[in-house]
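2 protein chains.
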Amino acid sequence: MSKKLTTRSQDYSKWYNELVTRADLAENSAVRGCMIIKPYGFAIWEKMKEELDKKFKSTGHQNAYFPLFVPKSLFEAEEKNAEGFAKECAVVTHYRLKNNPDEPGKLMVDPEAKLEEELVVRPTSEAIIWNTYKNWIQSYRDLPILINQWANVVRWEMRTRLFLRTAEFLWQEGHTAHATEQEAQEETRLINQLYADFAENFMAIPVIKGIKSESERFAGAIDTHCIEALMQDGKALQAGTSHFLGQNFAKAFDVKFATAEGGLEHVWATSWGVSTRLMGALIMTHSDDNGLVLPPNLAPIQVVIVPIYKGSEQLEEISVVANKIKGELEAAGVSVKFDNRDNVKPGFKFNDYELKGVPLRLAIGPKDLEKGQVELARRDTFTKSFIPQNELRTHIPALLQQIQKELFEKAKNFRDAHITEVNSFEEFKQVISEKGGFVSAHWDGTVETEDAIKKETKATIRCIPYQAQEEVGVCIYSGKPSSKRVFFAKAY
Amino acid sequence: MSKKLTTRSQDYSKWYNELVTRADLAENSAVRGCMIIKPYGFAIWEKMKEELDKKFKSTGHQNAYFPLFVPKSLFEAEEKNAEGFAKECAVVTHYRLKNNPDEPGKLMVDPEAKLEEELVVRPTSEAIIWNTYKNWIQSYRDLPILINQWANVVRWEMRTRLFLRTAEFLWQEGHTAHATEQEAQEETRLINQLYADFAENFMAIPVIKGIKSESERFAGAIDTHCIEALMQDGKALQAGTSHFLGQNFAKAFDVKFATAEGGLEHVWATSWGVSTRLMGALIMTHSDDNGLVLPPNLAPIQVVIVPIYKGSEQLEEISVVANKIKGELEAAGVSVKFDNRDNVKPGFKFNDYELKGVPLRLAIGPKDLEKGQVELARRDTFTKSFIPQNELRTHIPALLQQIQKELFEKAKNFRDAHITEVNSFEEFKQVISEKGGFVSAHWDGTVETEDAIKKETKATIRCIPYQAQEEVGVCIYSGKPSSKRVFFAKAY
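Those sequence lines, one after another, are chains A and B.
In terms of the numbering used here, the first sequence opens at residue 229 and continues consecutively.
In terms of the numbering used here, the second sequence opens at residue 229 and continues consecutively.
It is worth saying that the hints were derived from the structure and are not from the lab.
Treat the hints with caution; some may be incorrect.
[As the list claims (entries may be wrong)] Pairwise CB distance ranges, derived in the manner of DEER restraints:
1) A:Leu543 x B:Ser443: 49 to 57 angstroms
2) B:Glu340 x A:Glu662: 35 to 43 angstroms
3) A:Asp461 x B:Glu442: 53 to 61 angstroms
4) B:Arg369 x A:Lys242: 45 to 53 angstroms
5) A:Lys285 x B:Glu684: 28 to 36 angstroms
Fair warning: this is a prediction, and the values are worked out from it, not measured in the lab.
Where is the CB? At the ideal position from N, CA and C, for every residue including glycine.
Kindly generate the complete structure, drawing on both the sequences and the hints.
Put into structure tokens, the structure is as follows:
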């Protein structure tokens, strides 16, 4: 506990890994690439889920649940999608174990229990869902279908990192079906905007909204919209994607509907998702060398009360006041923990709650009792002040709101200071390698140029921002004409 | 839609299957034995989840998430548990697909991507969790650990039925670790009582609390506590189980803790779960030949308003009143749908909401507007009455509570009328085959007798009820002495 974290400037990547495990958010498991999300980390994820779920429902979406497994023949039906995920699929081939005759007490796969058709553990659910929608959709009256599911998915990644890239992760995936192209396009944008609102207003993470270039597009999509966040090390992180799938899946699974005019047409589709990867974005946007910094909206404990005392009599006196404050704050909707453990010292507790990112700490000692005050410390700024006890019930909720706002502003200032316009490839390389962040540059629109730039600098096109202005320019790499700047960055 | 359901007396099993699919609760998928939970069914499951989650948290439990996969070597560590589940395991053996050179456009398992160690898709998570707890527990200060997870699990059942027995199902599984046997025993009972409260007070399903006989025990448990419900066809349904695992898993995974006294001891464990099987219990406890009957607590739509009108002018007038009522009821916490679809007739809507188990229906026609009333129909009793519009905001919430209570009482009366005490095997066989329900009988306590009775009658011991009285008796089958009656039944 007393051992300090590696600092961000020493080794950003090590800082992240240490923070995730030492703040009790997650840890690696015995299964390669699969993580265990610990109670404290899961409590944060639950808050994200709850807020997103509310947003989905208030925009007319319903939850449902589709199978974990996708039969190989369905998986391969939409070719681009299949091609995109085939290389990282966990495949179930057998349905039984039996005693191993050569090793008593050990089991082995029963060769007689081989499946006729292999099952892919879903890396994403378009295939199984569109195979189902086929039976649900006959007429325009059956449309739109607006469904979301909260699920686990598996992508057999070779290099994994807690939350950022794991073989199994938790996510939500929306899958909608529409009668017209326009409606599906609108849904795609609606969801990307919903994700942006969620990231910015709930998680205090500023994001750039835009559209992916062809090579960064979801396998099987016509267009992928996205929100891109910027981490403190200057690398971008894709925080959510919303795909316009056109009629690709409807054609692959033969899903047609009778139009109001009596015709028969293929259905239009979208899909969209955010995942436990957002936990990584949260951690790397706000935290510091002392540990996690949590926006109050996401903090499982918003206020911790630590008693400073000698002997059980003092503790009892302080407990009376602490419990009163706890009750008042809870009545005001604040989550509070009173840590009266007697086997660790206040300093240990201070460090622990700092590491875990609890936004506010109240310390109460005998002098504070006399003066009717508490010592209030902010996690994000480390500022301390003395506040009269009877003002806490109004002061604390307001302060939590203020912290939420200030964390967003701080992150936005950092992000804005790390968007750099460049007009030559020399400049581009220098900014990417030294300053980092988003680099706004002209690009000729070809996959070849994007690949060449990636090869040379490791930077990729994060998105073509919604707000990109039409302007006359030349590609920084090829010198060919370009009408818009796009955002490049190195990315997670 | 207009086609009637098969009735329960015609074919109970067919009635159930039709009801599940036609009420839009769930359907079979392209994956053998795996179901799709449709939005209406999932909305009911979400209400169960929310209520259970609240109960777990208010008793000190936290949620977390552990991997979907269990490496074979961990899976086999606790031998009885492994033996119990080995025959129904989905096994991942490969992590990649590749293009099939013989069939362009098709994929095949890449033989070069064979896993060194096979992964079992979790049928339950004791193994992976206790392998983790090993690292979390050093001292008595680390105990208790009270963790729950909401997850999907897979058991490769050969005969599947929607909700009741599916290859993949959703559930919650609690896994707790304790310093003493007594504490673990208390946890086991606490959770079984929590499940009973939930079933009875939230789902209106009366249950018998008790302990399983050895042959019905969870694989790896010392004792399995359970709640048993009774379906309308006289068959029992195990609705929840809570296992006292003793030190079995702690020994299998070598999980020891330093006691306060300086010793080193194995940790005591419990695990417990309820699943989407509860949806089956819900359906078969309350529903009738017209469709689903939902207790108000679980109804996604508690009140539907159907306008009875000719022409758009009447519809407009009715809509004003309907929307006002909707707003008032929603403010009182009631979920309301106003069905103003103009492409189907009121009779069609009436049937549809009956099929879907909406507890209350309000019909409003022109005459009702004149009289300031609505026609109110109860789904459970089919009774109708006219209620002044201005009384609805108090009348409806009270009536919903009353329905909730009456559904429980009705189910309890049925259940109580189907507990039969018998004192001979002749009588036993007759009751089991003709009347059904629970049969309370003396049993000599041996597996042999239980097996023989099962073979002859298909009835099993559902539980040894908590409330069983000590009394002198003789086993109905073997004639050997017995000190307690146990509950037998045919079961799902």
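Hint check for Glu442 (chain B) and Asp461 (chain A) - Cβ pair distance inside 53 to 61 angstroms: holds, 58 angstroms
Falls inside 35 to 43 angstroms, the C-beta gap from Glu340 (chain B) to Glu662 (chain A)? holds, 42 angstroms
With 28 to 36 angstroms as the target window, see if Lys285 (chain A) and Glu684 (chain B) comply at their CB atoms. violated, 52 angstroms
Taking the beta carbons of Arg369 (chain B) and Lys242 (chain A), is their distance inside 45 to 53 angstroms? Between Arg369 (chain B) and Lys242 (chain A), where Cβ atoms are some 29 angstroms apart, the hint is violated.
Whether the CB-CB distance between Leu543 (chain A) and Ser443 (chain B) falls inside 49 to 57 angstroms: For Leu543 (chain A) and Ser443 (chain B) the Cβ distance comes to about 53 angstroms; the hint holds.
In this structure, the earlier hints numbered 4, 5 are contradicted, and the remaining ones agree with it.
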